[in-house]
Every structure is written in structure tokens, then in C-alpha cells.
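A.B. asks: Going down the list, the protein sequences come from chains A and B.
Residue numbers for the first sequence follow the numbering used here, so the first one is 168 and each next one is one higher.
Residue numbers for the second sequence follow the numbering used here, so the first one is 6 and each next one is one higher.
Worth double-checking, as some hints may not be accurate.
[Said to hold, decoys possible] Per the computed footprint, the stretches of chain B lying under chain A, defined by three or more beta-carbons under 8 angstroms from a beta-carbon of chain A, are:
| hint | region |
| --- | --- |
| 1 | 139-148 |
| 2 | 175-183 |
[Stated by the list, open to error] In silico contact screen, one side only, chain A against chain B (beta carbon under 10 angstroms); selected entries:
| hint | residue |
| --- | --- |
| 3 | Leu268 |
| 4 | Ser286 |
| 5 | His287 |
| 6 | Val289 |
[To be verified] Pairwise CB distance ranges, derived in the manner of DEER restraints:
| hint | chain 1 | residue 1 | chain 2 | residue 2 | range |
| --- | --- | --- | --- | --- | --- |
| 7 | B | Asp76 | A | Ser195 | 48 to 58 angstroms |
| 8 | B | Asp89 | A | Thr222 | 19 to 29 angstroms |
| 9 | A | His196 | B | Ala77 | 28 to 38 angstroms |
| 10 | B | Asp119 | A | Ala265 | 35 to 45 angstroms |
| 11 | B | Gly98 | A | Thr222 | 22 to 32 angstroms |
| 12 | A | Arg294 | B | Leu179 | 46 to 56 angstroms |
| 13 | B | Met172 | A | Ser253 | 43 to 53 angstroms |
| 14 | B | Ser83 | A | His196 | 40 to 50 angstroms |
| 15 | A | Arg294 | B | Ala176 | 40 to 50 angstroms |
| 16 | B | Leu182 | A | His196 | 26 to 36 angstroms |
| 17 | B | His142 | A | Gly277 | 33 to 43 angstroms |
| 18 | A | Val235 | B | Met172 | 40 to 50 angstroms |
| 19 | B | Asp76 | A | Ser253 | 36 to 46 angstroms |
| 20 | A | Thr222 | B | Ala190 | 26 to 36 angstroms |
Hints listed in this document are in silico derivations from the structure and should not be mistaken for laboratory results.
All C-beta atoms in this analysis are idealised placements derived from N, C-alpha and C, irrespective of residue type, glycine included.
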Amino acid sequence: MTDAPAQGSRGLHGDIAPGDEIERHDISHAIRGYLIGLALATLLTGVSFYIARNTLVWEPSIPIALSVLAIAQMGVHLVFFLHITSGPDNINNVMALAFGLLIVMLLVFGSLWIMTHLSHNVMPMERIMQMQR
Amino acid sequence: VSAGAHVLPSGVARGPMEVGSVHAHAAALTEEPIGHGVAKRIVVAYGFWIFLISDIILFAALFATYAVLTDATAGGPSGRELFDLRIVAVETGCLLLSTVFCGIAGIGAQARHDRLYYGAMAATFVLGATFVAIELHEFATMIHEGAGPSRSAFLSGFFALIGCHGMHVTAGLLWLLTMMAQVRAKGWRADILRRLLCFALFWHTLDIIWVALFSLVYLVGVAP
């Protein structure tokens, strides 16, 4: 086999299903991956619950801190539970996810942005009621 | 058997499960006989992955609605008064453990280890059912206190978002029981294993969505 077809077939047939793992170890080895994920997820969850109820973090920044921790935990879940990796066999899975995340960001931040401006520019309901009197 | 069967070159060795062409990397991915079943596993799981991403977008739309309406309490109770973080912590623990057991069930299926598979699936079911029961209790308490979905725009958004996730988990529980029954009735067939992979993807994704919900709905809702 020459080099060129080998590289081509890697993209075409070297793919891996989302959720599948490449290396196939014994059972205890595979379970250990899930337990590492569980430990990391538990740690991040614990920190989230802790900072939400304490003044450890500067109060106005708590929502940002919680968002960062949530994104980190989603990353842990993706890597350790769904086996989505940065490897070449995972490019298709990652690209689909990246496109989904783009839409998610547009939806969430777009909605918040537009609605914040709207509520800034629209007269409060009490004022409208007063004018109608 | 499958859409790809007509491209089958004559004389290719056929596995007992599936008819198909030979792929170079097939043997590295599964112990099944080399055949079209391996490529189909990738195609099926990838298609389901795209469905799950569209499901995540559905949740993003519901979340955007909720986020816009969090302050629209119409004089009614806000999240700070309604959310009980101890309940949320138990729910989070249940779902996180169930997702790990779901992964272990997948390992049991790959190893054709019956006891590991059925045990881990049963644990997944019990933890998932506990989650749904706690959530239903939380909803019932809120509605009983007059904080139902019709009280304010905030509560409409809350019930739509959290309720949609709860309905997904409930559907997942039914799917889980179906998969236990199918493995029992049909054995470790390639098509059953594909469905099992899709179920595992579904269950793991529901937990990822729950991470966003407990962090950004409950914890941000009660944060000082």
C-alpha cells in the first residue's frame, strides 16, 4: 500500500463511532476510565455547590464561575463517558458537536442580548399604565 | 439485509450476523466477524449523535427562553425562594452515578459479560427512576404551594425546561428496560449492540444536559 491511499482511508474508514473507545483493554481497565471521570465530575459538582452557597467567590462573578465549572464538567463527561477525543478518528464526531455548539451559543447569547436591549428600550409596564390614566 | 449489501463483491467472507464488505480497521474496533456490521455501527451511532446534537439545540432554545424570563416572576416566588439545593444535590448524584453504571453496562456488553451488563443496567434504572421520582415530588410540592407553571412566565419557563429533561429521562428509562429485555430475548446480536450504543449515548447526553441545568438554573438561581 502506498502512502497516499493509506492517508485517505484513515479519514474514510479509520473513523470511530461516538461512544466507542479505540483501545480495547480488559474490563477493569475500562471501568477505571469511568471511575476517573466520576471522580473529576464529583469534584467539579462539589465545587459548584460549594461556591453557590458561600461568599468564597466575589458575588457578582458567581454565575460566571458556575458557567466555567459547568463547561469543564461537560468536557469531563464528553471525554470520559462519551469518549469524544481530539484524535483523527473522532474528527467527524467533534465537527458535528462543534456545529451544534455554534447554534447553541447563537441561540442562548442571541436571545439574551436581544431581550436585554428590548427591556432597556421599552417603557416599563407601570409607566404605560400611568399614561393611560 | 442492508443498503450496502448490493456492493458486496462476490467471494468475500461473510460473518454470521451481517452481510457486507471488508474494512481494514474493522478488526481493531470489535471482536465481531469482519463485515459490514462494523461500518454500520459507526453510521448508526453517528446518525444518532447528530440527533442528540439537535436535541441539545432544543434544550438550548428552552434554556434561552428560561434565561430571558428568570426575572419575570409577576410578583410570585423566585428561584431563590423555591429551589432546595439539597434535593438538587441528591438528583445530581443519582444521575451522575447512573451515567457511570450505564458506561459499565456498555463495557459488560462489549465483554459479553451477562452479570455485569444486567447488574449495571439495573443500577442505572434504579438511579434514573429515583431521579424522576424526586423531580416529580419537587414539581408536586411547587404546584401545591401555588408555584405551578401558570403562576408566572419564570415558572412556565422553569417547568418547560426541567420538565422536558425529566420526560427525556423517563423515555430513557423505558428504552433501558427495552434493551435489557432485547438482550435477554435476542442475545448479543450486532443490531442489539448498536441499539445499546445509541442508548448509552442518549443517557450520557442527558447527564451532560443536567450539568447545565443544575449549574445554571438551580445554583445560579439561588446564588447570592
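A.B. asks: All hints, please: hold or fail.
C.D. replies: Going through the hints against the structure:
no.: 1; hint: 139-148; verdict: violated (count 0)
no.: 2; hint: 175-183; verdict: violated (count 0)
no.: 3; hint: Leu268; verdict: holds (8 angstroms)
no.: 4; hint: Ser286; verdict: holds (9 angstroms)
no.: 5; hint: His287; verdict: violated (13 angstroms)
no.: 6; hint: Val289; verdict: violated (13 angstroms)
no.: 7; hint: Asp76(B) with Ser195(A): 48 to 58 angstroms; verdict: holds (50 angstroms)
no.: 8; hint: Asp89(B) with Thr222(A): 19 to 29 angstroms; verdict: holds (20 angstroms)
no.: 9; hint: His196(A) with Ala77(B): 28 to 38 angstroms; verdict: violated (51 angstroms)
no.: 10; hint: Asp119(B) with Ala265(A): 35 to 45 angstroms; verdict: holds (38 angstroms)
no.: 11; hint: Gly98(B) with Thr222(A): 22 to 32 angstroms; verdict: holds (25 angstroms)
no.: 12; hint: Arg294(A) with Leu179(B): 46 to 56 angstroms; verdict: holds (51 angstroms)
no.: 13; hint: Met172(B) with Ser253(A): 43 to 53 angstroms; verdict: violated (33 angstroms)
no.: 14; hint: Ser83(B) with His196(A): 40 to 50 angstroms; verdict: holds (48 angstroms)
no.: 15; hint: Arg294(A) with Ala176(B): 40 to 50 angstroms; verdict: holds (46 angstroms)
no.: 16; hint: Leu182(B) with His196(A): 26 to 36 angstroms; verdict: holds (29 angstroms)
no.: 17; hint: His142(B) with Gly277(A): 33 to 43 angstroms; verdict: holds (35 angstroms)
no.: 18; hint: Val235(A) with Met172(B): 40 to 50 angstroms; verdict: violated (29 angstroms)
no.: 19; hint: Asp76(B) with Ser253(A): 36 to 46 angstroms; verdict: holds (39 angstroms)
no.: 20; hint: Thr222(A) with Ala190(B): 26 to 36 angstroms; verdict: violated (56 angstroms)
The structure does not agree with the numbered hints 1, 2, 5, 6, 9, 13, 18, 20 stated previously, though it agrees with the rest.
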